[in-house]
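K.L.:
Take a look at the letters that make up each chain.
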Amino acid sequence: MPRGGAFLVQTIAGRIRNLPLIKSFATEKKEEEKGVAAAGELYKANVQFQYIQGVLVSYLFVTEAVGIVAAVIWGSMLLRNGEITLEAWLAFFLFVPMVNNVLRQFSALWTSVKELQGRAARMSGIMDAPQEEQNSSAPADIPAGDVAFRDVHFGYGESGEVLSGLSFTIPRGKATATVGVSGSGKTTILKLLERLYSPTSGSIQVGGKEIAGLNLHSWRDSISYVTQDAAVFSGTVRECLTYGLPRQFGDGELMEAAKLAGIDGYIAQQPGGLDAPLAIWGSGMSGGQRQRLVIARELLKGADILLLDEPTSALDAEAAAAVSDTFYTRFHGRTIVTVTHELNFIAGADKIIVLNQGKVEGQGSHEELMKSCESYRKLVEEQSYQEVFA
Amino acid sequence: MKKNTGGYTPEKASFREYLGIFMGIKMPWLFIILIFAATIATTFAGLFLTMFTGDMVDAQGNVPTGQLVRFALGYAVMSVCLAGQTIFQGIASERINLGLRQKLWRKIVYTKQSCYDVDGGETLVSRVTTDCDFASKLLTTIVGFLSIAISLATYISSMYHLNVTIANYTMLLIPLSILIGWGYAKLKFLIAQKTQAMLARTTSYLAERTSNLALVKTSNAQELELRQGEANFQAQYEMQIKTGLMSAFYTALQTLYNIVSILIPFIAGAGFVAAGKMTAGEVVAFYGIAGSVGTYFTNVIDSVGTIRQANGALARVINTMKLPDEQNASGATVDEPDRDISFVDVDFGYGEEPVLHQVSCQIPKKKVTAVIGANGSGKTTLFRLIERLYDPRKGSIRFGEKDADSYDLHAWRKAFGVVAQGSPLLEGTVRENICYGCQRPVSEEELIKVARKARVYDFVSKLPEGFDTLVSPGGANFSGGQRQCIAIARAMMCAPDYLLLDEATSNLDAHSERAVMEALEELMRGRTTVIIAHSLATIRRADHVIVLREGQVEASGSPRQILEASGNYLSKVMNRKRPNMA
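Chains as they are written, first to last, in the numbering used here: chain G, 1 to 390; chain D, 391 to 972.
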C-alpha cells in the first residue's frame, strides 16, 4: 500500500525544519530525492483512488443507463400493446434518472461512512487512552515533609529499565542536587515526581503519604518544573508569565519577578512590553532569554517544591551564577531538587545524590561524598580540572 | 526573526508566470487529448440519445428493434466515455500535481536560507502538499473550457433547429443563471480564504500545544487550553455554518431556476404542439437539450470559481519558485592546501538590526580557534557566515587571499564538519544519523570505532536494536547528552578538513564532556577548528582566541594574552569554580 498525504507532510516538514542542517552537510541531493520519492508515493496512492473513482462513476452511470434503456424498451413494448399510455411512459422515462440520483447519494454517503470509519478508529484510539488519575476527591492540601523514593523501578517501555530500585530522600526545605552521567535517570526522577509517569514498582512519598493518592491538580500546583529546553508557548509575555497560574497578577508583580530573573530588560525593549507577542516555538528569543522568562514564571508561581532540570545549561557563567543565586536565596526554605552537572549548583546544595545506572551510588554532603563515593570524586575532579585557572 | 501573522494577503502572479509553472513538468499530453476526445464523444452521444428519445415519443412506441439496439449502444458508448474521462482526468491530474510538487521541492532545497527565516516552515509545507494540487485543477479546467465551448455550440444550434421561439426563451434564462453562479462563486471565494486562514491558525495552535502536552499538565493549564481550543473550534464552526447557509441558499436558487427552465419548454411547447407546429417528441428532445445546456453553463461558472481558487494557490507556488537560489554555479573545489580563513570588515544582520558590526578576525589554518562571548554576541552567526548559509552585508570572508564566494558552495560546506547547538538529528536509524553526509560506504568496524570515540557506543550497544534503533522525530527518545554524542560521531565520521563546534559539550556531565573533548582533540589535531567555548579549559587548549562582544571583536590573540587582557569580561562570561570547592 503506498503511503499517502500524511507521509508526504511528515517528510517535507521534517526536512524544512532541518534545512540548515541539510545545507551544512551539503546533502541537498539526497534530501531532494527523499522528498521526490514521498511525492511519488502520494501519486501512486492517489492514482489507485482515481481508478476506484472511475469504476464507481461508470458503475453509477451504467445502472442509470440500464434503467433508462430498460424503461424505454420495455415501455415501448407495453405502449404498443396499449397497456400503458404515452404520458405514463414519459413519466417513467423522466423518473428513472431521479431514482438514480437518490441511489447515487446513497453510495456517496456509503463512501463517506467508510472514510469516516477509518478516522473514527484513529480517534477512538486516542479517546480510549488511559486518563491521568486526577484524584479530585482527595483533599486539596498537600502534606508537608520529606520526599522519599522507596525502591522505585521504572522504564519507558521496551528500552529497558531506567531506574532499578532507587531509594533516597529529598529533605524538605533544603536544596538537593542530583548528579550522574547522561542517561542515568536524573530527568526521569523529575518526571515521576510530576506524576507524568508512574513507577512500575516501589513508591514515592511526601510526608509519609503516597503522591499517587494525592489530588493531582493540587500536587502540580505545589511544584515548579523548569525543564532543560525552557519551553514556552506562543502568546503574549504576560500570558507566558502567568501561564496556568490560579490568580491574576498586576504588572508590578510581573515586572518584579522579571527583574529577579534578569529578563526585565528584554521585556522593556519589546514593543508593547508585557503585551508583546512571543513567536511560535519561542523562536524570537535566544535560549538564555527563554530560560529567564521561565524562571520568572516559576517565581510568580511560588511553589513549595522546585524541580530544576539543568536550568542554566544555555546561560553564560555570569547569568548562570546570578540565576543559581536567585534560586538558592529567593527560594531558601523551599524544597529544591536540581538535576545538574554544573559545580555551581552542586556546591550550593545541602545534599547531593549520585546516580549511576538507575541506582543511587551515594548520598550526602560534598565532603562526605568526596570521601565515600568513587564516581562523585571523579566527577568533581574532572569538572575542576576543566575550570582551573592557569 | 518574527513572523507577520496578521491577516490574509492574497498573492498574485502574471498570466505568463502561470503558464510557466507547467514548463519543465512532464505533461501527460496523451491523457489530455484522450480526455478531450472522450468529452466530445460524450457530448455527441448525449445529443444523439436525446434526439432519439424524442423520435421514440413521436413514434408512439413503435420503434423497430434495430433502432432500440442503436439506442442501447449509444448508452454503452456514453458509459465507456464517461468512465474513461474520469479515469484519464484523474491520472492526468495526479501526474501534473506530482510534476509540480517535485519541481517545487527541488527548488526549495536549494533556496537561500534567509528566505525561510521570515516565512517559517509551516506555510512552506502546505505549498508543496496542498497548493500544488491546484496545478492540475487549473489545467483540466482550461481543457474543460474548450470542450464545453464545442458542446455548447452544438447543443445550442440543435435547440434553435428545433424551435426558434422556445430557444430564445431558454437563452434568456441563461444570463440569470450566470449571475447567480457568479455571485455565489465570489462569496464562496472570500469565505474560503478566511476559512483557510482560520484553519491554518487552529492547526498551528494545535501543533504547538500537542508538541508539549507535558508543559500543559505541569502548569495545570488544562482548563486554559480547553477554553482556548474551544474558542478556536467555535470560530471554525461559525465560519462553516456561514458557508453552509450560503450553500443552501444557492441550492435553493438553483432549484428554482431548474424548475423554471423545465417549465418553459413544456408550457411553450404545449402551445406549439396544439398548433401543430411541433411534435410531442420534439418537445421532449428540447427539454433534454435545454437541460444539458443549463448544466454546461453551470459548469462554466464553477470552473471560473475553481480557476480563481487555483490562482491563489498557484501564485504562492510561483512566488516560492522566484526566491533566490543559493549561488552555486561557478566555483573551485576546496582541494587546495589549508589556508587561513579571515573576516574582513564584515557587517551582517538577519533583519533590520545588525548582529555583527565591522568584524575582522583571523582563523589560522591547522589551529584551534576558540570564539567566546556572552549570549547574543554573534558567535553562532559567525558560524553561519563561515558556512555561507548567509552572505555578509558588507565586507567579505576570505580563504587565504581569495574570496570564500569563489568556491563551489557544496564543496565548501562539505569541507566543514558541524556540531550545531541543539544537535538536531534527522529521522532514521542511529546508524543513518552517524553516517549522514558521508558519501562513502562505512564498514561496521569503522562505525563502532567512531561510536566508541564519541561515547555513543556505550549507550547504543545497550539498546535492543543497537545502531538500527530509530530516532523519533526531534530525537525525543534520547537524552540531550546522547543526542550530542551522536552529532559528534556524525562529525567525526565525515572526517572533514575543518571543524565548527558550537557549544559542543554543554549538555554533558563532566565525565562525558571530558571523554568527548579528548576524542575531539584527536580529531582537531592538524585540522583547522573553530569552537564556541564556554569553559576556560577549552580556551586554554586553543591556539588562538577571539572574543566577541555585542557583535564586535573585543580582542583576539593567544589564550595567555586574552586571559591577561580581557580577564574582567571573561570571568563574567566563563564558568568559574566556587571558592569553597578549592
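Warning: the hint list may mix true and false statements.
Capping the alpha-carbon separation at 25 angstroms, the derived lysine-lysine pairs in PhoX-like fashion look like this [said to hold, decoys possible]: (1) G/Lys29 / D/Lys843; (2) G/Lys29 / D/Lys497; (3) D/Lys852 / G/Lys191; (4) G/Lys371 / G/Lys351; (5) D/Lys527 / D/Lys576; (6) G/Lys174 / G/Lys34; (7) D/Lys576 / D/Lys416; (8) G/Lys44 / D/Lys416; (9) G/Lys29 / G/Lys174; (10) D/Lys804 / D/Lys502; (11) D/Lys757 / G/Lys30; (12) G/Lys34 / D/Lys416; (13) G/Lys29 / D/Lys712; (14) G/Lys351 / G/Lys191; (15) D/Lys757 / D/Lys843; (16) D/Lys527 / D/Lys804; (17) D/Lys497 / D/Lys416; (18) D/Lys502 / D/Lys712; (19) D/Lys852 / G/Lys359; (20) D/Lys712 / G/Lys30; (21) G/Lys29 / G/Lys44; (22) D/Lys804 / D/Lys852; (23) G/Lys359 / G/Lys371; (24) D/Lys527 / G/Lys29; (25) G/Lys34 / D/Lys712; (26) D/Lys527 / G/Lys44; (27) D/Lys843 / G/Lys378; (28) G/Lys30 / D/Lys576; (29) D/Lys607 / G/Lys191; (30) G/Lys44 / D/Lys757; (31) G/Lys29 / D/Lys502; (32) D/Lys502 / G/Lys34; (33) D/Lys852 / G/Lys378; (34) D/Lys416 / G/Lys30; (35) D/Lys757 / D/Lys712; (36) G/Lys34 / D/Lys804; (37) D/Lys497 / G/Lys34; (38) G/Lys30 / D/Lys607; (39) D/Lys839 / D/Lys804; (40) D/Lys607 / G/Lys209.
No lab work stands behind these hints, which were simulated from the structure alone.
For clarity, every value in this text was computed on a predicted model and none was experimentally measured.
K.L.:
Which hint numbers does the structure go against, in order from smallest to largest?
P.N.:
1, 6, 7, 9, 11, 16, 22, 24, 28, 30, 35, 38
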